[in-house]
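Residue numbers (the numbering used here), protein chains in the order written: chain A, 1 to 282; chain B, 1 to 282.
Any given hint could turn out to be false.
Claimed, not checked - Quick list of the computed label-pair ranges, beta carbon to beta carbon: (1) B:S257 / A:K96: 25 to 35 Å; (2) B:E95 / A:K211: 44 to 54 Å; (3) B:E97 / A:D49: 29 to 39 Å; (4) A:P72 / B:K259: 45 to 55 Å; (5) A:N180 / B:D246: 56 to 66 Å; (6) A:Y241 / B:S257: 46 to 56 Å; (7) A:N219 / B:A251: 47 to 57 Å; (8) A:P72 / B:D15: 32 to 42 Å; (9) A:Y241 / B:K110: 25 to 35 Å; (10) B:I23 / A:M1: 24 to 34 Å.
Hints are computed from structural coordinates only; laboratory data are not their basis. The beta carbon of each residue, even a glycine, is placed where N, CA and C say it ideally should be.
2 protein chains.
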Amino acid sequence: MRVVKKIKEMKKIADQLRKEGKIIGFVPTMGYLHEGHLSLVKIAKRKSDVCVVSIFVNPLQFGPKEDYHTYPRNFKRDKKLLTALGVDIIFYPSEKEIYPEPCLTSVQVKKLSEGLCGRVRPGHFEGVATIVTKLFNIVKPHIAVFGQKDYQQAIIIKKMVKDLNFDIKIIIAPTIREKNGLACSSRNIYLNEKERKEATVLYQSLRLAKKMIKEGERNSERIIKEMKKLITTKSSGKIDYIEIVDAKTLAPVKKISGKVCIALAVFFGKARLIDNILVQSG
Amino acid sequence: MRVVKKIKEMKKIADQLRKEGKIIGFVPTMGYLHEGHLSLVKIAKRKSDVCVVSIFVNPLQFGPKEDYHTYPRNFKRDKKLLTALGVDIIFYPSEKEIYPEPCLTSVQVKKLSEGLCGRVRPGHFEGVATIVTKLFNIVKPHIAVFGQKDYQQAIIIKKMVKDLNFDIKIIIAPTIREKNGLACSSRNIYLNEKERKEATVLYQSLRLAKKMIKEGERNSERIIKEMKKLITTKSSGKIDYIEIVDAKTLAPVKKISGKVCIALAVFFGKARLIDNILVQSG
Chain A
1 MRVVKKIKEM
11 KKIADQLRKE
21 GKIIGFVPTM
31 GYLHEGHLSL
41 VKIAKRKSDV
51 CVVSIFVNPL
61 QFGPKEDYHT
71 YPRNFKRDKK
81 LLTALGVDII
91 FYPSEKEIYP
101 EPCLTSVQVK
111 KLSEGLCGRV
121 RPGHFEGVAT
131 IVTKLFNIVK
141 PHIAVFGQKD
151 YQQAIIIKKM
161 VKDLNFDIKI
171 IIAPTIREKN
181 GLACSSRNIY
191 LNEKERKEAT
201 VLYQSLRLAK
211 KMIKEGERNS
221 ERIIKEMKKL
231 ITTKSSGKID
241 YIEIVDAKTL
251 APVKKISGKV
261 CIALAVFFGK
271 ARLIDNILVQ
281 SG
Chain B
1 MRVVKKIKEM
11 KKIADQLRKE
21 GKIIGFVPTM
31 GYLHEGHLSL
41 VKIAKRKSDV
51 CVVSIFVNPL
61 QFGPKEDYHT
71 YPRNFKRDKK
81 LLTALGVDII
91 FYPSEKEIYP
101 EPCLTSVQVK
111 KLSEGLCGRV
121 RPGHFEGVAT
131 IVTKLFNIVK
141 PHIAVFGQKD
151 YQQAIIIKKM
161 VKDLNFDIKI
171 IIAPTIREKN
181 GLACSSRNIY
191 LNEKERKEAT
201 VLYQSLRLAK
211 KMIKEGERNS
221 ERIIKEMKKL
231 ITTKSSGKID
241 YIEIVDAKTL
251 APVKKISGKV
261 CIALAVFFGK
271 ARLIDNILVQ
281 SG
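The shape of chain A in the complex, shown without the other chains (with noise of 0.2 Å):
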């Protein structure tokens, strides 16, 4: 296991690789990895001879009042968790090497990230897409593994590739959940004991939400208050928002049909949790 900090070094590396032939997997993070991480990581390794995992709290992609800097780090951690997975390569840069003079540059993705995370996050995703563009250029990866808890990141990327002509296939790996049904999450540290148990109302509700699709409802209206009422009640969540969209073009939808994500974004506490469920609507 190699950490490699500085990008001309990481690009040489990922040249060469490719000049032998070799297929490079890639799962870009924050770092404070937990389980969901690790499985997108085991995913990469599954599909690509060298698996190169990047640690980047990329500050681009939080807003001013957001926890850039209170964001939990922590390097010895990660690198254990990574070499003991069998990672070949840490990209573990720091901020000046990947902005060293001001970045004047953003990729945008229309439509797909005015909804959901992007309407309370202005330049969120203009923020990811753009360093996510940057990591592909400098990883030079055949294949990305991005998280589904994620899921309008991932959409975006997977358009964004598609739009941009990148070489890369994107793989949406499943989120991975406590066995309470919380979502794993870097923000679930920001917890304390009781919202951390009040948080597993968040999948509860979006398993409502499947079962009442299941059941024959197609009213988004009608699912969404039923969430609300389930969060409000069983919980202290301060409910950012709840939508239901079409799984493709993130659009709202009134009246459900084909496959749609079910989203939402709760506050416990300073902790913003996401998450999200698909469902295919028969």
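Add chain B to chain A, keeping to what the hints say.
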């Protein structure tokens, strides 16, 4: 010489060339080639093992009232010219090949895109940066050559390559002029005989500006005033803009110092001509 129309084929060729360690030189064009383009091709050829020229009139970079539909095209002639120069590959995709579905992704280079032509052609440089990113991902060049005539474009692409960590060396090649000083441009075809003669005043005005700076003038306003006077008294040209900007940041300069770019856009009939000159002021 090979004409490649499909993205998949172009990528495959590029991958193979890179595996073989060949240097790919690239000149992106919109076709209807003139001596300016040919000079870029000659430079690309000199600096590479395999020279690729793309011909694609990119709808994204034209405004709704601009000349996308009437932009001159003549592939047969272009092919002949490029074959004579010993170009290895012409990448000549259809619009459907490049935009098979709505392109939601765009690449923007802030600040540098805001002044000069960017002010009067909103969305133009976004269209340019997006298509160039696509072409870079398809042709995978080591070197790409752009003309100084489109100076703002060249500076934007340079910054984009740096910001997005593309592994591509951008070369800015000198403007090629007719004997009378008129900068070569595909849009010169729009000029009638009288306009073509009159348009030589543009380069005269740039040389006047350079002379004034060399003789000690440091006030941009006074220089621009003299240029305007020359253009309007000696021609029917309608000035779109004349600006003196910092050669690196493209920020307008009131008091000239360091290296500046004197840039202009002037309409002759329906042809909007641009030209510029770089001057080291001291």
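How the hints compare with the structure:
At about 29 Å, the beta-carbon gap between S257 of chain B and K96 of chain A stays in the expected band of 25 to 35 Å. At roughly 47 Å, the beta-carbon separation of E95 of chain B and K211 of chain A lies within the given 44 to 54 Å, and the hint holds. Look at E97 of chain B against D49 of chain A: about 31 Å separates their beta carbons, and that is inside 29 to 39 Å. Between P72 of chain A and K259 of chain B the C-beta distance comes to about 46 Å, which sits within the given range of 45 to 55 Å.
Remark: the range hint 56 to 66 Å for N180 of chain A to D246 of chain B is upheld by a beta-carbon distance near 59 Å. Between Y241 of chain A and S257 of chain B the Cβ separation comes to about 52 Å, which falls inside the hinted range of 46 to 56 Å. Between N219 of chain A and A251 of chain B the C-beta distance comes to about 55 Å, which sits within the given range of 47 to 57 Å. Remark: the range hint 32 to 42 Å for P72 of chain A to D15 of chain B is upheld by a beta-carbon distance near 39 Å.
At about 29 Å, the beta-carbon gap between Y241 of chain A and K110 of chain B stays in the expected band of 25 to 35 Å. Between I23 of chain B and M1 of chain A, the C-beta spacing of about 33 Å keeps the proposed range 24 to 34 Å intact.
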